[in-house]
Every structure is written in structure tokens, then in C-alpha cells.
Amino acid sequence: MTNAPTPSLAAAKQEPGSALGFYGVWLLAAIALIVLPLIFSSGGSLTSFCLIGIAIIFALSYNILLGQTGLLSFGHAVQYGLGGFLAVHVMNAVASHNWPIPLPVIPLVGGIGGMAFALLVGWVMTKRAGTVFAMISLGIGELVASSSLILRSVFGGESGITTDRTSLMPMFGWTFGPQIQVYYLIAFWVLVSAIAMYALTRTPLGRICNAVRDNPERVEFIGYDPHVVRYLAYMFAGFFAGIAGGLTAINFEIANSAYLGATQSGLVLFSAFIGGTAYFFGPILGAILVTYLQLGLTSVTSVWQLYFGVIFIGIVMFAPGGIAGILMKHRPLIRAGTLGTVIPSYLVAAIPTLAFALGIILTIETVARFSGGDVINLLGIPFVATAPTTWAAAAVLVVGGFLVARITWRRVAEAWDRAATVARDRGYLA
Amino acid sequence: MTAAIQVNAVEKSFGNVQIIRDLNLNVAKGERHAIIGPNGAGKSTTFNLISGHIKPTSGEIRLNGEVTSGLRPFEINRRGLSRSFQVTNVFARMTVWENVRCAVLWATGHRYAFWKNVDNLPEVRQRTAQILDDIHLSHRRDVPAGLLTYAEQRELEIGITIAGGASVIMLDEPTAGMSHAETERAVALIRRLTEGRTLVIVEHDMSVVFGLADRISVLVYGHIIASGTPEEIRGNPKVKEAYLGEEVD
Amino acid sequence: MAELIVISTLNGVLFGMLLFLLSSGLTVIFSMMGVLNFAHASFYMLGAFFGYQLTRWIGFWPALVLAPLLVGAVGMAVERYGLRNTHKHGHVAELLLTFGLAFAIEEIVSMIWGKSPVDYRVPAVLDFPAFTIFSTNYPAYKIFMLVVSVVIFIALLVTLKRTRVGLIVQAALTHPSMVGHLGHNVGRVFMLVFGVGSALAGLAGVIAGPSLVTQSDMAALLGPILFVVIVFGGLGSLPGAFIASLLIGLIQTFAVALNGSLASVFGPLDPSLGPSPLTDIWNVTIAQIAPILPYLLLVLVLIFRPMGLLGTRES
Amino acid sequence: MRKLIVAATAALTVLGGAASAQETIKIGYIDPLSGGGASVGEGGLKTFQYLADELNAKGGILGHKVEIVPLDNKTNPQESLVQAQKAVDAGVHYITQGNGSSVGAALEDFVTKHNSRNPGKEVLYFNYAAVDPSMTNEKCSYWHFRWDANSDIKMEALTNYMKGQPSIKKVYLINMDYSFGQSVRTAARKMLGEKRPDIQVVGDELHPMLKVTDFSPYIAKIKASGADTVVTGNWGQDFALLLKAAADAGLKVNWYTYYAGGAGGPTAIKQTGLENQVFQISEGVPNSGNKAAMDFEKDFRAKTGISVWYPRAVNEMRMFKAAAEKANSIDPVKVAAALEGMKFDVFDGGEGFMRKDDHQFFQPIYISSFGSLADKAKEPFDEENTGWGWHIVSKIETDQTMLPTTCNMKRP
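Protein chains in written order, with numbering that gives the first Met the number 0: chain A, 0 to 429; chain B, 0 to 248; chain C, 0 to 314; chain D, 0 to 411.
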């Protein structure tokens with residue numbers, strides 16, 4: 000009993016493949032970022048990629064709070080916006096003094112701006128977690144956003160402050176006028192920030208953040224002050240949010256008070272949560288999806304925000320782990336090789352679910368366009384909002400889809416249980 | 000030699016209700032000290048006072064001679080005291096391995112470091128692995144703590160408590176709710192892991208108490224009515240009258 | 000000046016009472032269920048729009064009764080089919096559910112009633128000046144609003160003191176852990192409390208709609224102020240919510256009535272200094288910063304007295 | 000349906016890549032189509048689509064069809080830039096926008112930078128309603144043309160009218176606390192001081208924008224000040240609620256406004272019964288007496304269900320056509336050159352011109368008041384079914400609206 004055998008020491012060693020896998024993933028990401036604009040070379044896709052890249056950094060920075068440390072913030076845009084403002088001011092100063100500072104350094108300035116604000120207010124804000132933190136973050140958010148309209152000399156009122164990214168000294172012959180150069184600048188920072196934020200989760204601080212999230216009380220009894228942990232996490236989140244803000248400033252060459260507002264704070268919460276806060280890559284998926292929806296949905300429907308709300312509610316109620324949570328649920332099944340037994344039931348369930356979703360869409364669009372008289376074009380079929388046939392179709396799809404979907408999802412659950420049992424037997428599930 | 004724990008004339012009230020009255024307790028270094036008493040006597044409150052979870056209304060608490068009353072729990076922990084909880088209190092979403100590792104980090108001097116890769120700290124790794132071995136949870140290292148069985152969670156609780164290498168260990172009913180066999184295993188574990196350290200334990204199971212403790216203090220209505228070796232306590236008429244007579248046959 | 004003070008006090012108390020109609024429900028819901036309901040102001044908005052629609056169909060007085068009931072029903076449905084299912088995922092998930100709901104309700108309302116203010120008028124019976132003070136008219140409808148708020152306030156007090164549910168609610172306010180001991184009725188009590196809280200918000204909407212503006216952004220405008228009120232007063236404290244409501248109502252109204260700025264007190268800054276944050280702060284009037292005062296208060300209170308004015312617990 | 004197809008094709012082209020040959024002239028309409036400003040943005044969109052149809056019915060511009068591409072900016076400058084970029088990526092060379100000076104400033108900056116970085120792919124920004132004076136002064140751009148009179152010009156015209164009204168003795172200024180409101184108050188103080196030094200400014204209020212739900216405290220202050228006239232740039236709900244509170248408190252003053260005619264405004268005036276006490280300054284009035292304009296108004300109302308709120312948009316589109324024909328090209332660079340200094344007969348009659356120095360359009364400006372319409376034959380148009388309508392009180396000729404500019408135009 001006294002001398003335990005040593006197999007656990009062997010188990011404590013790093014799995015040999017993991018380091019390779021680790022670098023491999025980032026290498027692949029780097030290659031993808033380089034190649035992406037060569038495949039989708041139109042100006043439109045380039046614009047989208049830039050926005051998505053910034054959104055990824057922003058959402059990941061938010062997840063340092065929500066996912067890693069368990070802090071629900073309703074004012075994360077404050078750091079993002081202040082980072083953007085600082086970046087713009089520094090860019091203007093650099094340009095007017097002809098300082099030898101190239102543009103790619105500027106996001107770092109944004110990061111410092113975001114971090115500086117976090118440093119200033121963070122100690123008081125992070126005294127408490129939970130609802131109190133959420134409320135303070137909301138209050139600080141509103142306070143800063145409103146104050147920005149009063150402090151015109153710094154924030155430039157509603158029009159904001161403009162800058163010219165090409166007025167800084169060129170680097171390697173790049174002036175950063177063309178969007179493609181900005182894209183590579185953003186891509187570089189996305190990669191660096193993502194690696195840095197991932198690395199942060201693998202540090203002692205990162206691990207203790209998780210502990211604070213799970214059980215702040217117990218953390219106090221293993222030597223840590225949860226307040227300090229939250230404060231540090233808040234500063235790091237502020238830093239990376241500031242980088243995102245700085246990149247936005249470079250991309251749009253403007254910073255205005257809308258950067259700081261509740262809409263931005265809400266969007267980043269949506270992104271992180273829809274993507275899934277429990278996994279590092281969750282917010283990345285969320286940022287891509289939300290930005291894409293934001294760009295795409297707005298040209299298709301005027302009530303795009305309602306779809307956001309509905310998707311968000313759906314995720315909260317039925318998949319609180321977000322997209323990443325859904326995906327990762329399947330990992331043990333894949334490893335155990337039992338995923339195949341679930342897929343047929345998925346396919347069966349997909350049909351009524353899709354019908355249900357289409358019914359919801361049709362209902363929403365019918366109401367939205369009832370007075371306008373626009374025709375709804377759903378899967379190429381035109382529906383007239385004022386026609387009873389449309390209402391009937393919507394009702395049939397919603398009610399029928401719901402009833403059938405309920406049955407089919409029960410079958411999915413059964414199939415899932417069988418597959419999970421097998422997976423458990425094979426040792427892939429706890 | 001200074002005592003490991005010294006509690007001098009501590010009082011604690013919640014509103015108008017006084018829970019702890021004139022509490023005096025001395026635990027010598029290296030001693031295994033059990034606190035017993037009927038339900039509601041204030042045993043957990045005493046633990047909470049000593050570990051800094053709550054602050055005394057008046058009086059003074061010393062750890063290894065240094066005044067600790069008024070300090071925050073993490074400050075007391077850093078001075079060498081670690082405690083467990085009666086209700087399992089682990090990091091539910093983190094794996095067993097991570098639970099123990101988190102408890103090792105401060106003591107190994109890594110603190111709030113954000114420039115070190117936690118997987119590349121050999122000392123932390125070895126110590127964590129050693130503790131997992133000690134608490135027989137090596138085979139469960141990658142399981143989230145929330146999914147462990149009850150007995151396993153109790154063992155993990157002890158593992159987290161001792162992981163930091165504190166010189167004073169306080170265990171709050173470590174065997175509560177365990178089967179007989181599990182209890183035996185846990186007692187052996189505690190005995191081995193607290194070798195050379197000071198142990199303060201609250202326990203209801205008298206066989207555990209009398210088998211493990213060097214000294215015993217009896218707490219009744221927030222006041223220690225007797226303190227001594229197991230034999231002394233057995234023979235103490237006050238204890239018999241107040242408590243033992245009903246509880247231990 | 001005297002006229003300004005009287006009018007502002009009346010307006011401030013009125014706004015404060017409206018805030019209390021909303022914050023009382025929010026406080027009770029939070030105390031019992033641990034959920035900070037982000038959609039509470041949305042129920043207020045629903046009340047205003049239901050009131051508007053029903054007034055057009057069946058007249059103001061039936062709408063005054065019916066619309067809050069409808070809103071209460073919506074609230075109960077939200078509790079039964081939404082929150083109850085989300086409970087197992089924790090309070091953050093519940094909070095986020097109401098957050099998403101607030102978002103969706105705003106969109107649905109603007110989809111149905113449009114984004115411009117709707118023409119929700121004061122009923123003709125009450126459309127006259129109640130009294131004239133120093134040649135300024137005070138509308139009768141505002142007096143009516145004040146009366147309704149006070150009546151509801153008293154009814155609420157009586158309900159809390161005299162009825163069984165009231166006693167349960169009171170117990171829950173002081174000892175949140177007690178709620179767990181309600182037994183098998185807990186679900187029904189929650190649903191009821193949520194329904195009543197929503198209905199109160201709805202009632203506030205019905206009576207405030209004609210006087211203030213009935214528009215799809217009214218929830219978003221009021222929502223954050225509500226949180227300020229209940230956090231400021233102390234989470235879980237009804238008297239605290241009452242005092243905070245009145246205080247914030249009065250502060251908001253009086254800040255508008257005051258003209259002071261640092262420049263008016265200490266004289267203008269030397270113009271040679273040029274624009275800087277200092278000149279911005281120097282020249283801003285109290286009226287201009289009126290809308291941010293509540294948030295300033297919130298932040299200060301949370302720093303110096305995290306439990307709020309009369310609160311007993313921190314979160 | 001049209002809108003949907005247009006939107007869908009816009010979305011497709013954004014994803015699909017460069018636009019095809021310039022068969023149609025696409026005009027990117029960047030204004031709020033969702034969120035708080037949507038009702039205003041939808042009105043503008045209807046106007047431009049109507050005008051595009053009108054042009055297309057007459058053979059388009061130099062044979063090219065005109066197409067309006069609606070782009071939703073949610074009144075957010077940053078989102079506007081995304082949409083502008085999207086439009087440019089889809090091959091749009093003309094963008095038009097009006098709501099929000101902050102958006103306008105951002106777009107002006109955007110076109111300037113874009114055009115200097117992408118020679119040969121120039122984009123012109125036609126501004127139909129953003130009235131911040133700085134856009135044609137210190138921030139002016141060669142690629143920006145403004146058809147609306149900026150707020151200083153309007154104030155110049157308004158004070159030129161007010162100086163002839165001896166009954167005005169005490170003026171109260173109340174404005175929304177943002178750049179437009181601030182330029183209104185600054186200009187009002189300055190110009191009133193110069194033209195009528197005897198007028199006392201008894202109050203100068205800035206209130207939070209679109210956040211006040213009850214204006215009665217402000218009304219109490221106005222009342223206490225003893226003002227006989229209120230000058231306000233308020234619009235939307237901030238105007239309607241202001242009037243509502245004034246009527247509740249029994250405040251009897253004259254109102255000089257910029258945007259009383261905006262959505263909800265006429266209803267509010269009618270409700271409060273302030274007949275002929277609310278004045279508006281604008282570059283056009285439905286009951287202008289100009290036959291062509293009134294025929295247009297009639298047809299426009301029949302087809303869109305709204306009144307012509309943007310005569311300047313009519314000027315913009317028609318002048319665009321004239322400039323393209325003058326240049327005999329739809330190349331933005333050539334159109335811009337043709338527009339500079341161009342004279343044009345405006346919608347309600349009279350001559351206006353696009354000043355070369357700052358690309359600000361100057362035109363006759365009208366002061367009108369809102370009240371019941373005595374002669375339905377001469378003044379057939381009411382507003383928002385109130386039975387009341389605007390009638391002209393005074394016409395300020397183009398030369399009475401001229402203000403110097405500080406613009407230092409950088410020409411390519």
C-alpha cells in the first residue's frame with residue numbers, strides 16, 4: 000500500500016502525438032488563412048473574411064471571461080471600442096509626427112488600450128462574479144458608451160474619429176491601402192492572438208481560471224484569490240478585445256461610439272454562446288456563423304435580428320453547449336465507431352425538422368411582409384403574404400413539422416443511447 | 000514549541016444567535032486531533048473560523064504562532080493550512096487530474112503565471128501523479144470530477160486538500176456517507192497521507208475517531224467541554240453526561 | 000422656480016411609481032427563482048402594445064384590465080415552457096434565455112406594429128388639465144397614472160402581508176433557501192409569481208403607453224434603468240426597490256430641470272486651452288448627463304455598498 | 000418582390016465576384032432598413048425606386064437602366080462602411096445616403112480614400128439629407144455632392160425670415176444632443192445675434208437623443224423662461240413628444256423647426272392643435288403651386304402611399320441624369336466634373352446650382368406653416384390624413400441662402 004506502482008507516472012507524461020497535433024492544427028490554420036483569399040478572390044469575400052477574422056479574436060477574448068472564468072459580461076465592447084479609439088488616435092499621431100512605426104504594430108496599441116481600461120476598472124468590477132458582475136459590466140458599458148458622446152474631443156461625437164491607414168510608414172513595400180494587404184494583416188493577428196489565447200488556457204493562470212469558474216469558494220482554499228484570478232482574466236480579455244478593436248479601426252479607418260455600445264456587446268455574447276463556450280474553438284465557429292449571418296441575412300430579410308433571437312433562444316434551450324458542444328458530443332461515438340448507427344435516425348429527423356424550420360421562417364416572413372405586399376421567395380417557391388394558402392402552408396409546416404419532428408427526435412435519442420452504451424462499453428465515454 | 004493551531008477565546012454570532020462561545024483549542028504540531036460533538040454543536044463553524052471561511056466576532060486564532068484570524072482563506076492556506084469540506088466541493092467540470100493539479104500549483108510556486116506551459120512543469124506533473132496514485136484515482140484521471148462516484152469524490156476531496164503540501168490538514172467528516180469498507184480504506188489513506196503533518200478532523204464515526212486521533216476535543220453548544228487523549232475523553236464524566244452516553248455504546 | 004420644483008416633483012414621483020410597478024415584479028422573481036429577468040421591460044412594452052391594440056378594438060377601460068392579464072399569461076407561458084426547461088443548465092443559461100427573449104420580443108413587436116411610435120392616445124374622459132399651477136397645466140391622465148400606481152402599490156402590500164402566497168414570497172425574500180421547501184407546489188408558485196410580475200409590468204405599460212411613447216424600442220430604453228433600480232435598492236429587497244425607484248425617478252426628472260454645468264458655476268475656461276476632455280466636462284450641463292446618472296449611481300453603489308441600499312445579500 | 004430579387008442578386012454578386020458589364024447603373028442606397036431608423040429609410044428607398052422607375056420609363060440615363068440597390072446600414076457608421084464596401088465590390092459606382100450625419104461623414108471619408116487608392120474604380124457619393132455643415136467645409140471631398148441645404152444654410156434662411164418678424168422677442172433653443180443639434184444651436188445663436196441683436200435667447204437646451212420619453216420637465220423650463228418662440232432641430236419621436244408635452248402643459252409659442260414634417264410630426268401637430276404655429280424650413284412644399292411638382296406629388300402619393308419628403312432626391316436623380324448627358328458618359332469621374340458648378344431648375348421651380356467650391360447645392364428655400372387647408376383646389380395635399388397641410392409662408396431665394404465655405408477642395 001505504501002509504494003504505489005508507477006504506471007500513473009507514465010500516464011502523466013505527454014502523449015507523444017499531442018505536440019505534433021498541436022503544431023499541426025496551427026500550421027493548417029496558417030496555411031488556410033494564406034490560401035483563402037487566393038481561392039475566394041472577389042472583393043466581397045475579402046471584406047467578409049476581414050470582418051470574420053476580427054470577430055474571431057473578439058469572440059475568443061470574450062470567452063476568456065465567459066467560458067474560461069465564468070464571468071458573464073454585458074459590456075465587453077467597452078474594451079474593444081476603447082482599443083479601437085486608442086489605435087485611431089495613435090495612428091493619427093504617428094502619421095502627423097512621421098514616427099517610424101509601421102501599421103502592423105497598431106493592433107498591439109489597441110490591445111494595450113483595452114488592457115489599460117481593464118486595469119483601471121477591473122479591480123472593482125471583478126470583486127464579485129455572477130449577477131453582480133453582469134450588472135456592473137452592463138452599467139459600465141452604458142456609462143462609457145454614453146460618456147463617449149459627451150467627451151467629444153476624445154471620441155469625436157457620433158461621427159467618431161477617422162484616420163488613414165496608408166499614412167503610416169509602409170512595411171516591406173506594403174502601404175496597406177488595398178484590402179488584400181489588410182486581410183493579411185488581420186490574418187496574422189488572428190493567428191497570433193488565437194495561439195496566444197489558446198496558450199493562455201494552458202498556463203497555470205488559465206487552469207486556475209477554470210477552477211474559479213467551477214468553484215470560486217474552493218479556489219480560496221488552495222491558495223488562490225479568486226478576485227485576483229478574475230482581475231487577471233479580465234485584463235487579458237480586455238487586451239485581446241482591444242486588439243480586435245484596433246484591427247477594426249485599421250479595417251474601417253474610423254472609430255466611433257457605436258463600437259462601445261450594447262449592440263457590439265450583445266453580438267459578441269451571441270457569437271461566443273452560439274459557438275459554444277465550453278471549448279476553445281467554439282467561439283471561432285460562433286464568430287464565423289454570426290458574422291456570416293449578419294452579412295448575408297440582412298440582404299435577404301429585414302427581420303434578420305429576429306432570426307438571431309430565435310436561434311439564440313433555441314441554442315440556450317436545446318443545446319446550451321453551442322455548436323461546439325453538439326460536435327464534441329459525437330467525438331466518443333466517432334472514436335468508438337458507433338456514429339454510423341446514429342446517422343440514419345438523424346437523416347430521418349432532419350426532414351420534419353427542416354419542415355418545421357421552414358414553417359417558422361414562412362410564418363415570420365408572412366407577418367413581416369403582411370402590409371408591405373412583398374412576395375416571399377422560399378426555396379424558389381413564391382408565397383404571397385396576404386394569401387390564405389400561405390397561412391395554411393405555414394401552419395401545416397409548423398404544426399406538422401413539430402409533431403413529426405418530436406417523434407423522430409425520440410428515435411434519435413434511442414439510437415443515441417444505444418450508440419453511447421456501446422461507446423461506454425468500449426471505454427470511450429465516462 | 001508553538002502549537003500548530005491555537006484558538007483563544009473565540010466567539011461567533013450570527014445576528015443575535017451565538018454559535019461559538021469562548022472557544023479555546025490547542026493542537027500541537029504533528030498531532031492528530033479530532034473534534035467531536037453532537038449535531039449543531041458548531042464543529043463546521045469551528046472549521047470555518049480556523050480556515051478563514053468566516054471571521055470570528057471576537058477572539059484570536061493562531062496558525063504556527065502567527066495570528067490568522069481576520070485573514071482571507073487563501074492567505075491562511077498560503078501559511079500552511081488546508082481543509083476539506085463536508086459536502087463535496089471539487090471542480091466539477093474539470094478532470095480529476097486537473098483538480099489535483101490546480102491544488103498543487105500555488106505550493107509549487109507557479110501562482111498566477113501566464114508565461115509557463117502548465118503541461119511542461121515536471122515538478123507539478125510528478126506531484127500530481129503521485130497524489131493521484133495516493134488516492135487511487137490514477138485510472139480515472141481524465142474523467143470530469145462531476146462524474147465520479149460519491150466515494151471517489153470524497154477521495155478526490157482529500158487529494159485536493161493535501162496536494163498543496165500544507166503542514167496542517169483539516170478534514171471535515173471525510174468518511175461521511177461511506178460504506179464500512181470504504182471507510183476503512185479512507186482511514187488508512189488519511190493515516191498515510193497525513194504522516195508527519197498536523198491533522199484536525201471532524202468525524203461522527205467514533206471508531207474512526209478513536210482509531211485515528213492522538214487527542215480529542217469535545218464541542219458542545221459552541222464550547223469545548225473537554226480535551227485530551229482518547230482514554231481521558233472516554234473516562235471524562237462531563238463528556239459521558241453531555242454526549243458520549245447517548246451516542247456511543 | 001417653485002413651479003419647476005412642483006412639476007418636477009410630481010413628474011419624478013410618477014416616473015418613480017412606474018419604475019416601482021416594474022421593479023417590484025423583477026425583484027420578487029429574482030428573489031424566488033434567482034433569475035434576473037432581462038425580458039421584464041419587454042413585458043412592459045407588450046403591455047403598452049396590447050393596451051393600444053385592445054383600446055382600438057374594445058376601448059381603453061376593458062383594455063386596462065385585459066392587457067395586463069394577457070401579458071401575465073405570456074409571462075406564465077415563458078416560465079412554464081422556457082425557464083423551467085432551462086433551469087437545469089444553471090442561472091446563466093436562464094439569464095441568457097431572457098436576454099434572447101427580450102431581443103426576440105422587440106423584433107416581433109416592431110414586425111407587427113412597425114418601428115414608429117403608434118398613436119396610443121389618452122382616453123377622452125381623462126384628456127383635460129387636472130389643475131393649473133402658475134399657468135402650467137398638469138394633465139389629468141398623469142394624476143390617473145399616479146392613482147393607479149399607488150392603488151397597485153397598496154394592493155401589493157396587502158397581498159404580501161395577508162395572503163398565503165404573499166407569505167411564501169416574503170419568506171423567500173428573506174430566506175431564499177426556504178423556497179426549496181415549498182414542496183410539490185414550487186412550480187406553480189413560480190409560475191404564478193412570474194405571471195403576476197409580468198402582469199404588473201404589463202399594467203405599467205398600459206397606463207404609461209398613452210402618456211409616454213409607445214414604440215418598439217421602449218423596452219430597450221427602460222430595461223437597463225430597471226436593473227439599476229433593483230441593484231441600487233438591493234437585490235431582493237422590496238422596500239429598497241421602492242426607495243430606489245422614487246429616487247431614480249426624482250433624480251432623472253430634476254437633473255433635466257437643472258441648468259448647471261461646471262462652466263456656469265466656476266465661469267468658462269480660458270478659450271486658449273482649446274478642446275480637450277476637460278472642456279467637454281466643463282461645459283456639459285446636468286441636463287445633458289441626466290440619462291447616464293443612473294448608471295453612475297449603479298457603479299458607485301456597487302463599489303461602495305455592493306448589497307445595495309437596503310439589500311442583505313451580495314448576489 | 001423586386002426588392003427581394005434586387006437584394007438576392009446583390010447578395011449573389013457579393014459572393015460571386017466582380018460585376019458584369021455596365022448594362023445598368025447601380026445606385027447603392029445605404030440607409031437604415033432595420034432597427035430604429037427603418038421607417039425613415041424605407042421612405043427614402045421608396046422615393047429613390049420611384050425616381051429610378053421614372054428615369055427608366057424615359058429611357059434611363061444615356062440608354063442605361065437605373066437600378067437602386069438597397070443596403071441596410073442600421074444607422075451605424077461602421078455598418079455603412081461594410082455596406083459601401085459590399086456595394087463597391089458588387090460593381091456599384093454611385094452611392095446615395097441621407098440619414099445620419101455620422102454615417103455621412105464616414106461615407107465621405109470612405110469614398111475619398113477608396114478613390115485615391117483605386118484609380119479607375121471611382122465611386123461618387125450623392126448625399127440627399129445629411130446636413131452636417133462640416134461635410135462641405137473642413138471635411139469636404141471632391142467625390143461628395145450634397146443636394147440638401149446644410150443646417151447652417153437652413154438657419155441662414157430661417158433667420159433671414161425671422162429678422163422680419165417683430166413679434167419674436169424671446170427665443171428658446173431646444174435640440175438633440177448630437178452634432179446636428181449642436182450645429183443648429185450654434186448657428187441660431189450666432190445668426191440671431193447678428194441679424195436681430197434685440198432678440199433674447201432665453202434658453203439653450205440640449206437633450207439626450209431619442210432617449211427622452213417625457214418632455215414635460217423641458218416644457219416647464221420653456222414656460223418658466225417666458226419664451227414666445229422655440230427653435231428646434233428635433234425630429235422623429237423627439238419632435239412629436241416635445242409637442243405632445245407642450246400641448247399637455249398648455250404652452251403657447253411659435254415653433255420654428257427643421258423636421259416637423261417627418262413621420263409622426265404632422266399627426267402630433269394636429270393632435271396638439273397648434274394650427275399655423277409650427278413652421279418648417281425645407282427646400283420644397285407639397286402645396287407649392289408649381290404644376291409639375293404638384294402633378295409629381297399626386298402620382299407619387301398614389302403609387303407609394305407617402306408624400307414627397309425628399310424633393311432634394313428628385314433634384315439629385317434628375318441632375319445626375321443631366322450631368323451624365325452633359326458629360327456624355329456614366330463614368331463617375333466625368334459625371335463629377337460635369338456636376339461641378341452645374342445649374343439646374345429645381346423641383347418646386349426656380350434655379351439652383353451645385354457650387355464648385357464645396358459641392359453644396361444651393362436652391363430656393365421655403366418657410367411653411369402647418370394648418371387646415373382653406374382652398375382645396377390650390378392646396379390639395381394634407382399630411383398623414385390629418386386634413387391639415389403645409390402652406391408656404393415665405394420663399395427665400397437662392398441668393399439669400401448663400402454662405403461662404405472653408406472647403407479647400409482637393410481635385411484629382
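Keep in mind that the hints were calculated from the coordinates and are not lab data. Note that the structure is a prediction, hence the values are computed from the model and not measured. Glycine residues also receive a C-beta, built at the ideal position from the N, C-alpha and C atoms. There's no promise every hint is true.
[What the hints assert, rightly or not] Rough simulated footprint, nothing fancy, chain A against chain D, three-plus residues with beta-carbon under 8 Å:
{"hint": "1", "stretch": "69–76"}
{"hint": "2", "stretch": "79–88"}
[Unchecked claim] Cross-link-like lysine-lysine pairs, in silico, PhoX-like; alpha carbons within 25 Å at most:
{"hint": "3", "chain 1": "A", "residue 1": "Lys328", "chain 2": "C", "residue 2": "Lys87"}
{"hint": "4", "chain 1": "D", "residue 1": "Lys302", "chain 2": "D", "residue 2": "Lys138"}
{"hint": "5", "chain 1": "D", "residue 1": "Lys57", "chain 2": "D", "residue 2": "Lys194"}
{"hint": "6", "chain 1": "C", "residue 1": "Lys141", "chain 2": "D", "residue 2": "Lys189"}
{"hint": "7", "chain 1": "D", "residue 1": "Lys112", "chain 2": "D", "residue 2": "Lys355"}
{"hint": "8", "chain 1": "D", "residue 1": "Lys409", "chain 2": "D", "residue 2": "Lys120"}
{"hint": "9", "chain 1": "B", "residue 1": "Lys54", "chain 2": "A", "residue 2": "Lys126"}
{"hint": "10", "chain 1": "C", "residue 1": "Lys141", "chain 2": "D", "residue 2": "Lys210"}
{"hint": "11", "chain 1": "D", "residue 1": "Lys168", "chain 2": "C", "residue 2": "Lys141"}
{"hint": "12", "chain 1": "B", "residue 1": "Lys28", "chain 2": "B", "residue 2": "Lys54"}
{"hint": "13", "chain 1": "D", "residue 1": "Lys189", "chain 2": "D", "residue 2": "Lys394"}
{"hint": "14", "chain 1": "D", "residue 1": "Lys64", "chain 2": "D", "residue 2": "Lys302"}
{"hint": "15", "chain 1": "D", "residue 1": "Lys138", "chain 2": "D", "residue 2": "Lys120"}
{"hint": "16", "chain 1": "D", "residue 1": "Lys269", "chain 2": "D", "residue 2": "Lys251"}
{"hint": "17", "chain 1": "D", "residue 1": "Lys168", "chain 2": "D", "residue 2": "Lys377"}
25 Å Cα cutoff - pair Lys28/B, Lys54/B: 23 Å, holds
Pair hint outcome, Lys302/D versus Lys138/D [Cα-Cα no greater than 25 Å]: Answer violated: Lys302/D to Lys138/D is near 38 Å, above 25 Å.
Outcome, coverage of the stretch 69–76 of chain D by chain A - at least 3 residues whose beta-carbon is closer than 8 Å to one in that chain: holds (count 4)
Holds or violated: Lys409/D to Lys120/D, with C-alpha atoms at most 25 Å apart: Given that 25 Å is the threshold and the Cα spacing comes to 18 Å, the pair holds.
Lys168/D paired with Lys377/D [C-alpha distance capped at 25 Å]: With Cα atoms ~33 Å apart, Lys168/D and Lys377/D exceed 25 Å; violated.
Satisfaction of hint between Lys189/D and Lys141/C, Cα-Cα up to 25 Å: 39 Å, violated
Restraint check for Lys168/D with Lys141/C, where alpha carbons must lie at most 25 Å apart: Violated, at about 33 Å.
Straight-line alpha-carbon gap Lys138/D to Lys120/D, limit 25 Å: 22 Å, holds
Satisfaction of hint between Lys87/C and Lys328/A, Cα-Cα up to 25 Å: 18 Å, holds
Check of the stretch 79–88 of chain D against chain A for coverage (Cβ-Cβ below 8 Å, three residues minimum): It holds, with 6 qualifying residues against the three required.
Restraint status (C-alpha distance of Lys54/B to Lys126/A at most 25 Å): Cα-Cα ~18 Å, so holds.
25 Å Cα cutoff - pair Lys141/C, Lys210/D: 20 Å, holds
This entry does not satisfy hints 4, 5, 6, 11 and 17, going by the numbered hints stated previously.
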